[in-house]
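Residues per chain are reported as follows:
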Amino acid sequence: MIHLFSYPFVQAALLAALILAGIHSYLGFHVVSRGVIFVDISMAQAAAFGSALALTLGWAQHSWPTYLMSLFFTLAAAALISVSRTYDNRVPQEAFIGIIYAGFATLVMLLLAKHAGGSEELEELLAGSLLTIRRDDLMSTALLYSGIGVFHWFLRSRFFRISQDRMGAVRDGWKVGWWDFLFYATFGLVVTSSVHIAGVMLVFSFLVIPPVIALLFTRRQGLRLAFGWAVAFAASVAGIGASVGMDLPTGPSIIASLIVFLLIAVSIRQLAFFVRGAQKRPKKRIGRF
Amino acid sequence: MKHRPVMIILGLALLSLRVAAAVQVVTSTTDIKSIAEYIGGDRISVKSITTGKDNPHFVEVLPSYMVMVSKAALYLKIGLGLDFWADPIIDGSRNGRIAVADCSEGVEVLEKPSGPVDASMGDIHPQGNPHYWLDPRNGLIMARNIKKALVEVDSGNSAFYQANLQKFERELETRIETWQKAAEPLKGLEIVTYHNSWPYLGRFLGIKTVGFVEPKPGIEPTASHIAELIDLMKSRGIRVIGKEPYFADKAPRVIAAGTGARIVDLPPSVGSSEGASDYFSLFDTLLSRLSSVARNMP
Chain S
565 MIHLFSYPFV
575 QAALLAALIL
585 AGIHSYLGFH
595 VVSRGVIFVD
605 ISMAQAAAFG
615 SALALTLGWA
625 QHSWPTYLMS
635 LFFTLAAAAL
645 ISVSRTYDNR
655 VPQEAFIGII
665 YAGFATLVML
675 LLAKHAGGSE
685 ELEELLAGSL
695 LTIRRDDLMS
705 TALLYSGIGV
715 FHWFLRSRFF
725 RISQDRMGAV
735 RDGWKVGWWD
745 FLFYATFGLV
755 VTSSVHIAGV
765 MLVFSFLVIP
775 PVIALLFTRR
785 QGLRLAFGWA
795 VAFAASVAGI
805 GASVGMDLPT
815 GPSIIASLIV
825 FLLIAVSIRQ
835 LAFFVRGAQK
845 RPKKRIGRF
Chain D
25 MKHRPVMIIL
35 GLALLSLRVA
45 AAVQVVTSTT
55 DIKSIAEYIG
65 GDRISVKSIT
75 TGKDNPHFVE
85 VLPSYMVMVS
95 KAALYLKIGL
105 GLDFWADPII
115 DGSRNGRIAV
125 ADCSEGVEVL
135 EKPSGPVDAS
145 MGDIHPQGNP
155 HYWLDPRNGL
165 IMARNIKKAL
175 VEVDSGNSAF
185 YQANLQKFER
195 ELETRIETWQ
205 KAAEPLKGLE
215 IVTYHNSWPY
225 LGRFLGIKTV
235 GFVEPKPGIE
245 PTASHIAELI
255 DLMKSRGIRV
265 IGKEPYFADK
275 APRVIAAGTG
285 ARIVDLPPSV
295 GSSEGASDYF
305 SLFDTLLSRL
315 SSVARNMP
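Heads up: the sequence lines are chains S and D, in that order.
For the first sequence, the residue numbers in the numbering used here are 565 to 853.
For the second sequence, the residue numbers in the numbering used here are 25 to 322.
If you're looking for bench data, these hints aren't it; they were derived computationally from the structure.
C-beta: ideal position from N, C-alpha, C; glycine also.
Wrong hints could be hidden among the right ones.
Unchecked claim - Mimicking DSS-like on lysine-lysine, the simulated pairs with C-alpha atoms at most 27 Å apart in a straight line are:
1) Lys232(D) - Lys77(D)
2) Lys274(D) - Lys678(S)
3) Lys678(S) - Lys240(D)
4) Lys678(S) - Lys136(D)
Stated by the list, open to error - A few chain S residues that face chain D, going by a derived Cβ cut-off under 8 Å, partial list only:
5) Pro572
6) Phe573
7) Ala576
8) Lys678
9) Glu684
10) Leu695
11) Ile697
12) Arg698
Excised from the complex, chain S in its bound form (with noise of 0.2 Å):
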């Protein structure tokens, strides 16, 4: 198994996948509190939708026209999911998120129906393709990402206040929407940049799992990030063990993998809960969603 991870192609496949691990995991614990699950795959397949159109217009897939395109639409999906917050709270804010994604899933296969290869380019949407990832887009993925990671650090207490305590925030007298517009910008430039290497299901798998796994075991912040990201890694580090023990496709087999992850830690607690509940009855606390 271990000699797998000698083929520079394996390395540069995790050292991706551990890439992308990082910075999700952590902006998932922001998604994840802020219970807005779907705006990460409502955004992602806007970025996929934009690529699709720079693709029919005829600009190569790694280009930064489709690139700037597949932001584009991004960011109007997360412009279009903020304007849905200020809606009647009659009709919840997940549905509007559904009704985004469902649109541009569907704008999506629309423009390729014309398309020669078009279920194929559809499925790399999809899918991704880790494994034939080009070391110039390794190497920019990861200046992006720490950037946005750095900027991230030093606004910490910030985004973190807001996701967990959004009503506080409001009555001290936060401007929220102005900081609701930078989580949403630099999480639109990580899921643009993110879609076009790995994927759809990929990039929304890395954002969810992790934190919810992290949130079942502990609810200390610091400890809950050092668990997701471990999380991360070693369901990336299995996922293409697999992958390449199995010759599976990659981004399907980390997400197999995160899901198992996730089995296996939902028995865990489970059966925690049967022990402790023998001895004492704990107040319930599964999480907060």
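Chain S is fixed; fit chain D onto it per the hints.
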């Protein structure tokens, strides 16, 4: 018999030496693999990324392809934009020692588009129609290209490759004559095919493809296009629909029902259907299927 384990280990060691000594070659398609095996003999070990059973226009990259290319000394491409997916595999494998050769070099390309090409025209290859291996006379050019590439990565065996090339050329030339003779009754036959894979074979056999089940290359058939095709086939009395095995037969069946034409599976590559097990038997199979359907034409 007490030395048996030792013998086995020695045998295995020898075997592994033998395997290690063979030049590792990866090809995009089975057709190139078949010709390369003929020329490289036991001095090379060839693997093809596509199997002939799947559409070579699009390939989902699996780790095993990357492993193959990582270990290879030579990659043989079909070229003309057909196997554009090979480039990310070759680059992604980060194999600095690999030589890449394009088997289409020197081939007379058919259907070169005169104006600019865009996605609205379907999967049109800007360099022209890439199914050139389906004219066996191009097989001669491919064989020379393959031999040249093999000599470049393994000059020690150049005499061996040269001798095999000559043998291959003689064999193929003889067969080309036989095939052309056998194709006499097919001259002037008009057929419809699923994808535009057959201009080279058509030129070789004197068969004309007058329509395609796909409205544009790589685009799924639409209702209006099927209706037009049925009218065209009725007006010209076309009774044969050739289909590459990897396409669904739903649309061809509708057309066959509307025209009384017969569907014939035409293997576009070695391994695409039973009988087409190497480059020679590929043409044997194509010819026998076309002849039998033409003989029994309703």
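Quick rundown of the hints versus the structure:
1. Lys232(D) - Lys77(D): The hint holds at about 25 Å.
2. Lys274(D) - Lys678(S): Roughly 19 Å between the alpha carbons, so the hint for Lys274(D) and Lys678(S) holds.
3. Lys678(S) - Lys240(D): This hinted pair holds, its Cα atoms lying about 9 Å apart.
4. Lys678(S) - Lys136(D): holds, 22 Å
5. Pro572: Hint on Pro572(S): holds, closest Cβ of chain D at ~4 Å, below 8 Å.
6. Phe573: holds, 5 Å
7. Ala576: holds, 7 Å
8. Lys678: holds, 7 Å
9. Glu684: It holds, given that the least Cβ distance between Glu684(S) and chain D is near 4 Å, below 8 Å.
10. Leu695: With a minimum Cβ separation of about 5 Å from chain D (threshold 8 Å), the hint on Leu695(S) holds.
11. Ile697: holds, 7 Å
12. Arg698: With Cβ-Cβ at 7 Å, under 8 Å, it holds.
When held up to the earlier numbered hints, the structure conflicts with none and fits them all.
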